[in-house]
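Engineer: Numbering (the working numbering), first residue to last: 1 to 72.
Any given hint might turn out to be false.
[What the hints assert, rightly or not] Have a look at the derived ranges for each label pair, beta carbon to beta carbon: (1) L39 x T13: 12 to 22 Å; (2) A6 x Q34: 29 to 39 Å; (3) E7 x Q34: 27 to 37 Å; (4) E49 x Q23: 12 to 22 Å; (5) N5 x N42: 27 to 37 Å; (6) K27 x N5: 32 to 42 Å; (7) N5 x T38: 30 to 40 Å; (8) A6 x L52: 31 to 41 Å.
[Said to hold, decoys possible] Once the Cα atoms are required to be at most 27 Å apart in a straight line, the calculated BS3-like pairs of lysine-lysine come out as: (9) K25 x K48; (10) K27 x K48; (11) K27 x K55; (12) K27 x K46; (13) K55 x K25.
Calculated from the structure, these hints are not laboratory results. Bear in mind the structure is a predicted one, so any value in this text is a computation, not a measurement. Beta carbons are placed, not taken as given, at the ideal position from N, Cα and C, and that holds for glycine.
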Amino acid sequence: MGASNAELDEPFTLWDLEWALEQIKRKSAPGEDQITYTLILNLSDKDKEHLLDIKTPTVKKALSRHLGSSPL
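Take these sequences, add in the hints, and give me the full structure.
Structural biologist: Structural data, given as structure tokens:
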């Protein structure tokens, strides 16, 4: 496992989610969870924060598997 990076270890923020949503192709297909871009885009900020609370551990676990390290 590599050295810790405090900035990368921080939880994803609403700003991170908004930035990512701007990068996605608007006609992209939903992922395995069947959540569409349109659905996420139309969530309130409160609901987006809740989505981040749910998805952040899942994303970090997937990234650690992809990078071949232990969970972040």
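Engineer: Where does the structure disagree with the numbered hints, that is, which hint numbers, in rising order?
Structural biologist: Checked against the structure, the only hint that fails is number 8, while the rest are satisfied.
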